[in-house]
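Asks: Residue-level listing of the chains:
There are 2 protein chains.
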Amino acid sequence: MNKKMYELGSKRSVIRELFEYGKEYAEVHGKDSVFDFTIGNPNIPAPHTVNDLIKQAVDNPDIHLYTSAEGDKEVRKKISAYIKKEFNADMPVQNIYMTTGAAAALSIVFKALVDEERNEFIVFAPYFPEYKVFVEAAGGVLNVQRAAENFGFNLEGLEKLITPRTVGVIINSPSNPTGRIYSKEELSHLFEVIAKRSTKEKPIYVIADEPYRELVYDDTEVPYIPNLYDNSIVCYSWSKSLSLAGERIGYIAVSPKAQNDRELFLTICGAGRALGYVCASSLFQYVVSESLGLTADIEIYKHNRDRLYGALKEYGFTLIEPKGAFYIFMKSPLPNDDFMKIAKSLGILFVPSETFGVDNWVRIAYCVSPDVIERSLPHFKKLAEICGLKKE
Amino acid sequence: MNKKMYELGSKRSVIRELFEYGKEYAEVHGKDSVFDFTIGNPNIPAPHTVNDLIKQAVDNPDIHLYTSAEGDKEVRKKISAYIKKEFNADMPVQNIYMTTGAAAALSIVFKALVDEERNEFIVFAPYFPEYKVFVEAAGGVLNVQRAAENFGFNLEGLEKLITPRTVGVIINSPSNPTGRIYSKEELSHLFEVIAKRSTKEKPIYVIADEPYRELVYDDTEVPYIPNLYDNSIVCYSWSKSLSLAGERIGYIAVSPKAQNDRELFLTICGAGRALGYVCASSLFQYVVSESLGLTADIEIYKHNRDRLYGALKEYGFTLIEPKGAFYIFMKSPLPNDDFMKIAKSLGILFVPSETFGVDNWVRIAYCVSPDVIERSLPHFKKLAEICGLKKE
Numbered sequence: 208m209n210k211k212m213y214e215l216g217s218k219r220s221v222i223r224e225l226f227e228y229g230k231e232y233a234e235v236h237g238k239d240s241v242f243d244f245t246i247g248n249p250n251i252p253a254p255h256t257v258n259d260l261i262k263q264a265v266d267n268p269d270i271h272l273y274t275s276a277e278g279d280k281e282v283r284k285k286i287s288a289y290i291k292k293e294f295n296a297d298m299p300v301q302n303i304y305m306t307t308g309a310a311a312a313l314s315i316v317f318k319a320l321v322d323e324e325r326n327e328f329i330v331f332a333p334y335f336p337e338y339k340v341f342v343e344a345a346g347g348v349l350n351v352q353r354a355a356e357n358f359g360f361n362l363e364g365l366e367k368l369i370t371p372r373t374v375g376v377i378i379n380s381p382s383n384p385t386g387r388i389y390s391k392e393e394l395s396h397l398f399e400v401i402a403k404r405s406t407k408e409k410p411i412y413v414i415a416d417e418p419y420r421e422l423v424y425d426d427t428e429v430p431y432i433p434n435l436y437d438n439s440i441v442c443y444s445w446s447k448s449l450s451l452a453g454e455r456i457g458y459i460a461v462s463p464k465a466q467n468d469r470e471l472f473l474t475i476c477g478a479g480r481a482l483g484y485v486c487a488s489s490l491f492q493y494v495v496s497e498s499l500g501l502t503a504d505i506e507i508y509k510h511n512r513d514r515l516y517g518a519l520k521e522y523g524f525t526l527i528e529p530k531g532a533f534y535i536f537m538k539s540p541l542p543n544d545d546f547m548k549i550a551k552s553l554g555i556l557f558v559p560s561e562t563f564g565v566d567n568w569v570r571i572a573y574c575v576s577p578d579v580i581e582r583s584l585p586h587f588k589k590l591a592e593i594c595g596l597k598k599e
Numbered sequence: 208m209n210k211k212m213y214e215l216g217s218k219r220s221v222i223r224e225l226f227e228y229g230k231e232y233a234e235v236h237g238k239d240s241v242f243d244f245t246i247g248n249p250n251i252p253a254p255h256t257v258n259d260l261i262k263q264a265v266d267n268p269d270i271h272l273y274t275s276a277e278g279d280k281e282v283r284k285k286i287s288a289y290i291k292k293e294f295n296a297d298m299p300v301q302n303i304y305m306t307t308g309a310a311a312a313l314s315i316v317f318k319a320l321v322d323e324e325r326n327e328f329i330v331f332a333p334y335f336p337e338y339k340v341f342v343e344a345a346g347g348v349l350n351v352q353r354a355a356e357n358f359g360f361n362l363e364g365l366e367k368l369i370t371p372r373t374v375g376v377i378i379n380s381p382s383n384p385t386g387r388i389y390s391k392e393e394l395s396h397l398f399e400v401i402a403k404r405s406t407k408e409k410p411i412y413v414i415a416d417e418p419y420r421e422l423v424y425d426d427t428e429v430p431y432i433p434n435l436y437d438n439s440i441v442c443y444s445w446s447k448s449l450s451l452a453g454e455r456i457g458y459i460a461v462s463p464k465a466q467n468d469r470e471l472f473l474t475i476c477g478a479g480r481a482l483g484y485v486c487a488s489s490l491f492q493y494v495v496s497e498s499l500g501l502t503a504d505i506e507i508y509k510h511n512r513d514r515l516y517g518a519l520k521e522y523g524f525t526l527i528e529p530k531g532a533f534y535i536f537m538k539s540p541l542p543n544d545d546f547m548k549i550a551k552s553l554g555i556l557f558v559p560s561e562t563f564g565v566d567n568w569v570r571i572a573y574c575v576s577p578d579v580i581e582r583s584l585p586h587f588k589k590l591a592e593i594c595g596l597k598k599e
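So the protein lines, in turn, are chains A and B.
For the first sequence, the tail end lands on 599 under the working numbering, and the numbers increase by one without skipping.
For the second sequence, the tail end lands on 599 under the working numbering, and the numbers increase by one without skipping.
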């Protein structure tokens, strides 16, 4: 047996571990006694339109058949047109590959980009921990650069990390776990640094992981990365925007301005095939192609963010205001082990930041029902008091 | 970029290539001018019950959420109970891992079983060609043994192929491409040979790839492999039985009698995680768990088999009578290149056997509508005549 796979299977991701703990705790103590802020499992239901589309679609006798490995052509045409309309970017049909969610998209892209000579990826911490799992499974190495203050890009640090073996830089905006959205200016500075070191022989690709693109508050702009950097690959998912996390539907889009985009696309097709991805769900390919631009009721997340962020600040916690996604990143007032223990004893579950590559913060996933937020507040208040925090 | 992945993506599987060719041909010349017997894309629609279940299920607001990585517990409980009832075999819930179809199941199992020391798998030819792709992507080696006469197991050949590096033998019954079902007696002889060489330190697992289990004619028995060999792993899919090929839903079941079954299961969980499989579609997990024992209308396949097998035999072709799956394996009366060319010129598309590891046969997938069979017969007759075959 493969020892590394055994390790990955027996020591589950901390997030999944806490998710399972929460489910068991709820089974034993009742659903109301646990405030589970661990996993990004969207609590807002999928839009009615999506479910109506599903109901209609299943009456089509061809709906459950295999599509082409890269996805149904009509579906990809619609996505291509949507990208043109929404971002004013050319993304030809033959550069779009439908995937079984963003995890599949990332795994496939890493597998495609790694070869013997060039196998290093760079990410800024805090970062989504499965990047490391997927990169390493593809035979690559993930190099981690601590973010700058306020979780911006640390450009000096990045420059030092780039080597001739570097093949990709991962950008996740809106960010999991910080809720940070990078501005056009920040991104342009970053891409300048990367472009300086990217050559025709050894291009450095930017991998834009964008499952939270539509989960944005206060009218913050989320720049479209292929408009700012040529060698870019977008990994997208409808898990969060349409609350379809369990259905696993997303895509990879290779910028037509990327070097050797055709070769890269075919390599992506090969990697998908090698990893056992035959095609993305044919039903959900159709459903998302008919729901472009639609989202679940994001006002609920905004309400949750406002309520929880406001309250936590009031209780004296240090945290950054999330502009997107559905996470609050909060500084731990005690060493994380102690802080987590006290929180757990109050029935509050969140994820320690060590799993995202930085110490002594926690991630609070507020994609729960507003009622859970409301009922949790006295417990958060107590948590602040136990930790000796002063109100603002 | 990864050269091997580029190769896999640019030289697509012959089956997929012909599938795409058929689609393009139909687009240009009209649907009725092509008789596409290339791919196992079930033409019989999914049962009404399945589509009704989907329609009901989407009204449950939790239906699209992530499940546990190994699958929803209630779903797995039902599958466990079904296996007990149907095969009188114990398959505990914690030994069942829901997958994105059989391709994912196989990819995950190969990835789990390969380590540095032991990485060889054995299969009998003709065999499903993606085994090689998945095994090699996992870092393994696929050793191929030509089947015995009538496509039975070649035991002497197998014995010679087993080395201390052998970790698995793949069994596919009913078989793609031959439609062969192995009897209990045949399997027992095979397992005797394998068991002799399987040790506690170096167990040899049998991987039972069973997407065609329910597609069986003439009341032929398909023995349940975990009842005959302890170190067995079943890879199952509902792609064919429920005509859900595009939805990608299946499972891995590790026999509880397998050595270190717990460790093996956790390794499988790790491999699934590493390959980017977050969970199998939550909607389809639910749907299949409520449809256990149900199949699409297999009488249509039986009709097709009877009609096509009878006619081809009458036209003078040499072929074996398929007992299961939806393929006819037919000897080419000419060198395959020539035979394929003539068939193509008559609008008939099937898959050359070279892709399955043997020369000068072809695979005819008869999972098409009876009308296509009927209209194709004059063309097959002409094909026989051009090849100079005599009627029986």
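Warning: the hint list may mix true and false statements.
Each pair may be met inside one copy or between any two copies, as identical chains are not told apart.
Claimed, not checked - Calculated pairs, DSBU-like style, for lysine-lysine (alpha carbon to alpha carbon, straight line, at most 30 Å):
no.	residue 1	residue 2
1	K589	K280
2	K285	K262
3	K210	K230
4	K218	K409
5	K284	K211
6	K339	K210
7	K284	K262
I should point out that these hints are in silico values taken from the structure, not numbers from a laboratory.
Asks: Each of the hints needs a verdict: does it hold here or not?
Replies: For each hint, the structure was consulted:
1. In the homo-oligomer, the alpha carbons of K589 and K280 never lie at most 30 Å apart, since the shortest distance is 55 Å inside one protomer and 35 Å across protomers.
2. Proximity of K285 and K262 under a CA criterion of 30 Å is satisfied in both settings, with 20 Å inside one chain copy and 25 Å between copies.
3. In this homomeric assembly, K210 and K230 come within 30 Å of each other (Cα to Cα) only inside a single copy, at 28 Å, whereas the closest approach across copies is 44 Å.
4. Only between protomers do K218 and K409 lie at most 30 Å apart by alpha-carbon distance; the minimum there is 24 Å, versus 36 Å within a single protomer.
5. Proximity of K284 to K211 under the C-alpha cut-off of 30 Å is restricted to the inter-copy arrangement: shortest distance 29 Å between copies versus 40 Å within a copy.
6. In this homomeric assembly, K339 and K210 come within 30 Å of each other (Cα to Cα) both inside a single copy, at 17 Å, and across copies, at 22 Å.
7. Taking CA atoms no more than 30 Å apart as the test, K284 paired with K262 passes in both settings, with 23 Å inside one copy and 27 Å between copies.
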